[in-house]
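Colleague: Take the sequences, apply the hints, and build the full model.
So you can see what is in the structure, the chains are spelled out below.
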Amino acid sequence: MYAYDGLDETLVRERATQFRGQVARRISGELSEDDFKPLRLRNGLYLQLHAYMLRVAIPYGVLGSDQLRALARIARRYDRGYGHFTTRQNIQFNWIRLADTPDILDELAAAEMHAIQTSGNCIRNTTTDQFAGVAADEIEDPRPWAEIIRQWSTLHPEFSFLPRKFKIAISGSPSDRTAIAVHDIGLSMLHGPGGETGFKVWVGGGLGRTPMLAEALRDFLPGADLLSYLEAILRVFNIEGRRDNLYKSRIKILVSTLGIDRFRDLVEAEWAQIRDSALRLDEAEVSRIRARFSPPAYEATAESGQFAGRRLEDAAFARWSAANLFPHKQPGYAAVTVSLKPVGGIPGDMAADQMDALAGLADEYSHGEIRVTHRQNLILAHVRQDSLYDLWRALDSLGLATPNLMRVTDIIACPGLDFCGLATARSIPVAQRLSERLAEIDERHDLGELTINISGCINSCAHHHVGHIGILGLEKAGAESYQVTLGGSSAEDASLGKIIGRGFGADEIVTAIETIIVTWLELRQDGERFLDSLRRIGPAPFREALYGRE
Amino acid sequence: MTLIDYGNGSPAIAGDAWTHVADGAVLPPDRPATISLERWKAGRDGLTGRNLPLGIRLESHERIEEILPDLPRFALIALDFPNLNDGRHFTTARLLRERYGFRGQLRATGQVLRDQIDLMKRCGFDAFELPAGKDAASAIAAFGEISVAYQPAADAHPTAAQLRHRQPVQAMAS
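Going down the list, the sequences are from chains V and B. 42 is the number of the first residue of the first sequence in my numbering; add one for each residue after it. 4 is the number of the first residue of the second sequence in my numbering; add one for each residue after it.
FYI, nobody ran anything at the bench for these hints, they're computed from the structure. On a predicted model such as this, the values are computed, not experimentally measured, just so you know. Take the hints with a grain of salt, since some may be wrong.
Said to hold, decoys possible - Below, simulated SDA-like cross-link-like pairs (lysine to any residue); rule was C-alpha separation at most 25 Å, straight line:
(1) K137/B / G70/V
(2) K78/V / K137/B
(3) K370/V / Y339/V
(4) K78/V / L287/V
(5) K78/V / G113/B
(6) K539/V / Y288/V
(7) K137/B / P143/V
(8) K78/V / I143/B
(9) K289/V / R66/B
(10) K208/V / Y153/B
(11) K289/V / S63/B
(12) K137/B / R67/V
(13) K289/V / T94/B
(14) K208/V / Y288/V
(15) K206/V / D89/B
To be verified - To be clear about the criterion: a stretch of chain V counts as covered by chain B if any three or more of its residues have a C-beta under 8 Å from a C-beta of chain B, and this derived list gives those stretches:
(16) 44 to 57
(17) 278 to 285
(18) 308 to 320
Stated by the list, open to error - The following label-pair restraints were derived from C-beta to C-beta distances:
(19) A177/V / G12/B: 51 to 59 Å
(20) G300/V / E148/B: 39 to 47 Å
(21) G12/B / D107/V: 39 to 47 Å
(22) K517/V / S63/B: 33 to 41 Å
(23) K539/V / D138/B: 54 to 62 Å
(24) S318/V / Q114/B: 24 to 32 Å
(25) D144/V / D138/B: 20 to 28 Å
(26) L463/V / S63/B: 21 to 29 Å
(27) S63/B / L515/V: 32 to 40 Å
(28) D323/V / G12/B: 24 to 32 Å
(29) A151/V / E148/B: 17 to 25 Å
(30) Q114/B / G546/V: 40 to 48 Å
(31) E481/V / E148/B: 54 to 62 Å
(32) Q114/B / R118/V: 30 to 38 Å
Yeah, the Cβ is synthetic: ideal placement off N, Cα and C, and Gly gets one too.
Modeller: This is the structure:
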């Protein structure tokens, strides 16, 4: 993984010192809350319903074991002993005191971490495939490119005050695990005409109040031109993007207003001016960064017979192996998903003790590396197959071995009205009750891949539009009301879910989702996925089951 | 209002030789003056005989591309920041310096905040009008708080990548 050199370290330490000064000016009263707000937001500090929340960046979701231990220390010392992993592969601490934040940032800096641009109208953490460097179908490891984008976007002098927040995702594989279609810019790697690697560029995807899928902006962009092209897009957005209406200021609105062809003309014209500037990537720098992501020292080992044997002996291990393992391009290895979705638990939450224990397991079994997924789970990416059984037992004893990746209890949920000042309804209790109700149905009927996403307001932090089943919590006449969408997907077959009908109250929503699933089970053919059944038969049977013949 | 001048390579409080003249008001006969873009577009013929330096002011939604042929006429361009969230003139400044070759004073006006001026400087601004009541010493201290730059911009700051791969001096000589 990437390790800071002196320059990276200096920047992060200086930024922490700068923020310490901003906090001191706020506490002394020199800065009003109004003046301080945009400053703290640019450093990941939100004021929530009960306390400050600090969002710490985990660039493209990659953590070293010592970094996870540093997060555990912060959770213990400054929070209530836990942290919450987010859909942007970051972590949030929900019970932070303003006066402590400078010390927290110093502790983060000592672990080569920071909170830079985890909120605010700037370029956010670039996300990528949690199986980068592991997936067999990968064209190239996207992490070096994500690090190049991280550096370019960090404290960018021109793009620190954009019309609205800006999110970039990058995928190295044809199988999209990064939700490219719902990002402001999506980059998917491919081979160019001469065999060189580059990117297909997508633009204008996003969720929120006006969900849209990204459009193709450029079929092939050579790697060396990545930053000049990004800069051209951002420059057009900074000048042309709307600033008069919060809900119309994302780049998706600009792209749809101008039309993709006109938008492309503007970008290409700007790019022509800067393509041959100092932004062109220097091969020496690309090589330096790439070298930081060279594969760990795998041991030569065959497919493990012991692994196959254990699965025959132990049904629980077999079930976990079927659900939570991902094939590794290195023979004899597997990538393990550590579920942060125990049945009835809070999606994405992790206790400090679990963090420390997992850091130890990462050191023992997976080259000291942990990854965060946009589904709010963690990954140990390089585990020998003959160690899987021991690892599974250790994870199980920590409550981290729920066999539910991409299954109905692997629910993505935002913090909702339990924490968030923007929320209009609670998300967490709905996720907890749903997972308890559905775990049993899944065990009995093997529901396969079926994703549920629950957002507590229209800002859609839990990406409900791209859940196979999406739930949006609204407030209606003083009560919580949950609107259900069906048919979303953020994979390479991306689609936006459609609203099925009127919303359900907090006491009805769990039963409504159960009704949808029970209805589906009667119509399901040959073990197909819920999404595929829905695409085959349409929403009518579900509407009728929920609302009768109206 | 306090003016911070960065024209000599370091920030210093400076006296202001310029007057911002409101639309409709008479230009001073003895001092350099700035006028609005609107006034320039409406009445440029009446201004051409003037022998004193002229400056122009752009609001945040106004575009420099409207007056590119006129740039040599201006000794100063003032770009206004109505609030901290309106970052359009960060782009305008870079274009003026890097693309259109503007060498006069580039001045930030409006809500010029301590915590933004170092970024403004990187984009090519070399003069900063601090709003009334803001501490000039604190603003001056804000320059260079972050010494590392990851991106090329309008200033001469070497990027991190350039520092990492800088050729040895002897290699440059040959």
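Colleague: Look at each hint and say if it fits the structure.
Modeller: To see whether the hints hold, each was checked on the structure:
1. K137/B / G70/V: holds (13 Å)
2. K78/V / K137/B: Measuring from Cα to Cα gives roughly 18 Å; hence the hint holds.
3. K370/V / Y339/V: holds (11 Å)
4. K78/V / L287/V: holds (16 Å)
5. K78/V / G113/B: holds (19 Å)
6. K539/V / Y288/V: holds (20 Å)
7. K137/B / P143/V: holds (24 Å)
8. K78/V / I143/B: This hinted pair holds, its Cα atoms lying about 22 Å apart.
9. K289/V / R66/B: holds (21 Å)
10. K208/V / Y153/B: The given pair, whose Cα atoms are some 19 Å apart, holds under the 25 Å limit.
11. K289/V / S63/B: Within the cut-off at roughly 18 Å; holds.
12. K137/B / R67/V: The given pair, whose Cα atoms are some 14 Å apart, holds under the 25 Å limit.
13. K289/V / T94/B: holds (21 Å)
14. K208/V / Y288/V: Holds, because 16 Å separates the two Cα atoms, which is no more than 25 Å.
15. K206/V / D89/B: The hint holds at about 13 Å.
16. 44 to 57: Result for this restraint: holds, n = 7.
17. 278 to 285: holds (count 3)
18. 308 to 320: Answer holds; 4 residues pass the 8 Å Cβ test.
19. A177/V / G12/B: 51 to 59 Å: holds (55 Å)
20. G300/V / E148/B: 39 to 47 Å: Check passed, 42 Å falls within 39 to 47 Å.
21. G12/B / D107/V: 39 to 47 Å: Cβ of G12/B to Cβ of D107/V: about 41 Å, so the range 39 to 47 Å holds.
22. K517/V / S63/B: 33 to 41 Å: holds (39 Å)
23. K539/V / D138/B: 54 to 62 Å: holds (55 Å)
24. S318/V / Q114/B: 24 to 32 Å: holds (30 Å)
25. D144/V / D138/B: 20 to 28 Å: For D138/B against D144/V, whose Cβ atoms are near 25 Å apart, the range 20 to 28 Å holds.
26. L463/V / S63/B: 21 to 29 Å: holds (27 Å)
27. S63/B / L515/V: 32 to 40 Å: holds (35 Å)
28. D323/V / G12/B: 24 to 32 Å: With Cβ atoms ~27 Å apart, the hint holds.
29. A151/V / E148/B: 17 to 25 Å: holds (19 Å)
30. Q114/B / G546/V: 40 to 48 Å: Given about 46 Å between the Cβ atoms, the range holds.
31. E481/V / E148/B: 54 to 62 Å: holds (57 Å)
32. Q114/B / R118/V: 30 to 38 Å: Because 37 Å falls inside the window, the suggested range holds.
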